Structure formats: C-alpha cells, structure tokens
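Undergrad: Following the hints, position chain B against chain A.
Protein chains: 2
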Amino acid sequence: MVAPACGTIRPMSISERVAGLYEVLHRRRDTRGEFTGAPIPDEALHRVLTAAHAAPSVGLSQPWDFILVRDDTTRRAFRDHVNAERGTFAARLEPGRAELFDRIKVEGILESTLGIVVTYDPDRGSPAVLGRHAIADAGLYSVCLAIQNLWLAATAEDLGVGWVSFYREDVLRRLLHIPARLRPVAWLCVGPVAGLPGKPDLERVGWRTRIPVEDVMHHERYRERSSR
Amino acid sequence: MVAPACGTIRPMSISERVAGLYEVLHRRRDTRGEFTGAPIPDEALHRVLTAAHAAPSVGLSQPWDFILVRDDTTRRAFRDHVNAERGTFAARLEPGRAELFDRIKVEGILESTLGIVVTYDPDRGSPAVLGRHAIADAGLYSVCLAIQNLWLAATAEDLGVGWVSFYREDVLRRLLHIPARLRPVAWLCVGPVAGLPGKPDLERVGWRTRIPVEDVMHHERYRERSSR
Chain A
1 MVAPACGTIR
11 PMSISERVAG
21 LYEVLHRRRD
31 TRGEFTGAPI
41 PDEALHRVLT
51 AAHAAPSVGL
61 SQPWDFILVR
71 DDTTRRAFRD
81 HVNAERGTFA
91 ARLEPGRAEL
101 FDRIKVEGIL
111 ESTLGIVVTY
121 DPDRGSPAVL
131 GRHAIADAGL
141 YSVCLAIQNL
151 WLAATAEDLG
161 VGWVSFYRED
171 VLRRLLHIPA
181 RLRPVAWLCV
191 GPVAGLPGKP
201 DLERVGWRTR
211 IPVEDVMHHE
221 RYRERSSR
Chain B
1 MVAPACGTIR
11 PMSISERVAG
21 LYEVLHRRRD
31 TRGEFTGAPI
41 PDEALHRVLT
51 AAHAAPSVGL
61 SQPWDFILVR
71 DDTTRRAFRD
81 HVNAERGTFA
91 ARLEPGRAEL
101 FDRIKVEGIL
111 ESTLGIVVTY
121 DPDRGSPAVL
131 GRHAIADAGL
141 YSVCLAIQNL
151 WLAATAEDLG
161 VGWVSFYRED
171 VLRRLLHIPA
181 RLRPVAWLCV
191 GPVAGLPGKP
201 DLERVGWRTR
211 IPVEDVMHHE
221 RYRERSSR
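In order, the protein sequence lines correspond to chains A and B. Counted from 1, the first sequence has number 45 at position 45 by this note's numbering; the numbering is strictly sequential. Counted from 1, the second sequence has number 72 at position 72 by this note's numbering; the numbering is strictly sequential.
Pulled out of the complex, with its shape left as it was, chain A reads as follows:
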C-alpha cells in the first residue's frame, strides 16, 4: 500500500484502533531465542509497567509487584536452577518426547535485557478484599491479567517477552528476598528481539498443535468432547 499525499495527521478511527489491538494480540509470542540484549528505552519500559499496573484487580487490590532483575550473578543463579528443573522434567518423558524436548529452548534469561519477576501479595487491600471471599485465588488471577497487559504492551513496543516456569517458587523467593507471604508468579525475560516467530515455538517443532477455537466453545452448558 502507498500512503496518500496527505501532510497532516488525522485522528485514529475506531476501526483502526481495533485493527491495531488485534495485530498486536496475534503477533505476540512467548520469546526464547530471539533476544538481542540491546537496552530498553526507559520511557518504553515505564509505559509497559504502567500498562501492567492498569490491569483489573479484584476489589481494586492491585496485588502485584514487579522486580526488575539486571544483575548478572542473580540471573546466572536463576538460569542454573532452571537448567536443573529442565532435567527433572526431561527425566519424566518417554524417549521420543525427550528427544524432541531436547531441541526446545525454554528460557532466554541471560540473553534478554532484563528479568521482570511478578509476585502476588495476598495482604494488599486486606482484610476484606471485595470479590475474594468466595474465591481465594481471585487475587492470583488479577496478577495474571497484569502480566498479559505487560506482554501486549511490550509486543506493541517491539520487545519480546518469555515466561519462564521451570523453577521452584521457594528458590526464586530466596534468590530475590521475597517474603514467604508473597507468591512469585512469573519470571519474564524481556528485551528487544531480532523478530517474533510467526508460529509458537512448540507448534513449529511439533511438540503440540493449536486447536480450533470452535473446539473450546460451548452454548448454555458444558458439553464433553473428545480429548484435545
């Protein structure tokens, strides 16, 4: 497409905003191998964290914290722990799957620009958090909504995000001096990337295929389907 000869900026239409959101949402990837290690502009990082902090939360509790980890020693210690957990998982697999798993990268801890560790603080807004009395995990759910906001904002800013989940929560607590009452929810590898893959890594290598959206839609009540 060629831009029209049109010198001034016109306001964005609703359909353009919608298209912009969907573009980001479908382009987003869980990033492992594409980090360049280049710096993140301060303003972009601030916008991304502000986006996370704008997430909905049960009872407006905003029960998240974000720990930015740049220190190399800390990151190496975490990477070593993740490698050990990778081995634990691999040992449980059948031979064919283990061979396939061997080719899958599960983290970009050192190659990314920084780690953002996201935690859940159940005491935030206590004792009576509106909307949490019947579902204790509702606070934990809020933290995940913030993570997805962060992920989409980072994608829009042309940054990659990779969620590492091969770790024991207690190990991460000790490493970052996180009090026992808080729960670490994610270590996110964040930073500029050479590009984002068109397909999820796990689909590309044949670990698992995506299922059609129709398979997860139900009307009026849940209906059992063949296993997916």
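Some hints could be false.
As the list claims (entries may be wrong) - Chain B side only, calculated, beta carbon under 10 Å to chain A, not exhaustive:
1) 46
2) 49
3) 68
4) 121
5) 127
6) 147
7) 207
In short, the hints are calculated from the structure, not lab data. Remember, it's a predicted structure, so these values are computed and weren't measured experimentally. No residue lacks a Cβ here, since even glycine has one placed at the ideal position from N, Cα and C.
TA: For chain B alone, coordinates are given in the frame of chain A:
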C-alpha cells in the same frame, strides 16, 4: 482535531498501533451498571473469542473453555446465588464499610447481553505439560491470560466486560454441568454498554484508591514498603 481532506486509507504506522493498544488498555473497565442488553454482532463475538484463544498457554496446552450463557433461567439462578454471596461478604464488614458496600453494584448478570463462563481444564495436553511440572497453577495462569485478551478485545469492540467473583465454584459447576475435574475461573458479563466510566467504580465511590506504579516497582530484589 479535524480530519484532513484525504480520501484514501493509508497504512497504520507503528506508533499508531502502539497508541491504539494503550488507548484500549487504559479505557478498559470492569463493567457493572452500563450494560444496554443490545445484541452483540456475531462477527465481533467471534473476534473476541478468537482473541482469547490466541493467548499464551503453558506448554501450548490452551486449557480454557468458554461457555456462552444466554438462557434467562440459568442467569436468574446464578444472579440469585451471587446475591446470597453478596450478603455473606457484607455480613463480615464493619458498619461504615458495610454501608459503603451497600451502594456498590457487583454484577450485571441479567442486564448484560450474555454471560461467558471461562473454565480451566487441567487434563488438556496431559500428562506431560511442558512448563507445568514445578508450578501446578501455571495452567490456571494461562486461563487468566486468555481472559485479559478477551477483555481488551471486547473493549476495542466497544463492548463492556464485568468479572463476577461472588460465587462458589461448586454452585457454578452444577448449574452449567461442568465436570468436577474442571475449575470455573470467571463469569464474565459481556455486551454493549452506554459508555465506560473514566474511573473504576470502586475508586469513584471511595472504596479504595489506586496506588502509584512506582510503589510496586523494585530493583534487583524485593524491598519491603509500608502497607498499601
């Protein structure tokens, strides 16, 4: 601003896409009282569910299901249960807070166009879900990421979304024939709205104020701060 006299459509720039995402992300609200009950165009609903289904998931397990509830009898039964749970929560509050809570609407179950119940299926992609061996809740986290995608897409489509969490999971399971192995994560009220409030309801009525993003940021390790 006035649109320039410019007849053709030009491609969206990266900065426009970024601006579009942030606009949606900060405009999003947890909607209670603004539903009109008007129909949702089928294409818009499909785009919103496709957006949810494009969320990241641990081991590409895509462990979510979406149950669309339009039936009036089902919705009334759920609304009655939510009202009872509202009473349970209110009974725990101190008098001043109880009075304030009395003025807060916690659901738009009947006024919204439909309910979307989102569930977590831990068997999806089992037995060896990549990335879940050390953190069993990682599958539940994936479901929340899908919910935030849904919420943002709906906001872009000018639909409101309200997350209802005043319910017991077993009651919702029975109501929608959800098997015991699945976990209901949310009842989302979805539909066209008269508008979205500029501030969260709970902030507007003085239940709780938002905290500055700087208060939840840490560097290299977690640092205790005064309670928030």
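Undergrad: Against each hint, give a clear statement of whether it holds in the structure.
TA: Status of each hint after checking the structure:
The restraint placing residue 46(B) at the interface with chain A holds, with a minimum CB-CB distance near 8 Å, inside the 10 Å limit. The criterion of a C-beta within 10 Å of any C-beta in chain A is met by residue 49(B), whose closest approach is roughly 6 Å, and the hint holds. Annotation: residue 68(B) was flagged as interfacial toward chain A, and the flag holds, the nearest CB pair being 5 Å apart, inside 10 Å. Because the smallest distance between the Cβ of residue 121(B) and any Cβ of chain A comes to about 8 Å, under 10 Å, the interface hint for this residue holds.
Against a cut-off of 10 Å between C-beta atoms, the interface hint on residue 127(B) holds, since the closest Cβ of chain A lies about 9 Å away. Interface restraint check: residue 147(B) against chain A, minimum CB-CB distance 7 Å, threshold 10 Å, status holds. A hinted interface residue such as residue 207(B) counts as satisfied when its beta carbon comes closer than 10 Å to some beta carbon of chain A; here the least separation is about 7 Å, so the hint holds.
Checked against the numbered hints above, the structure breaks none of them.
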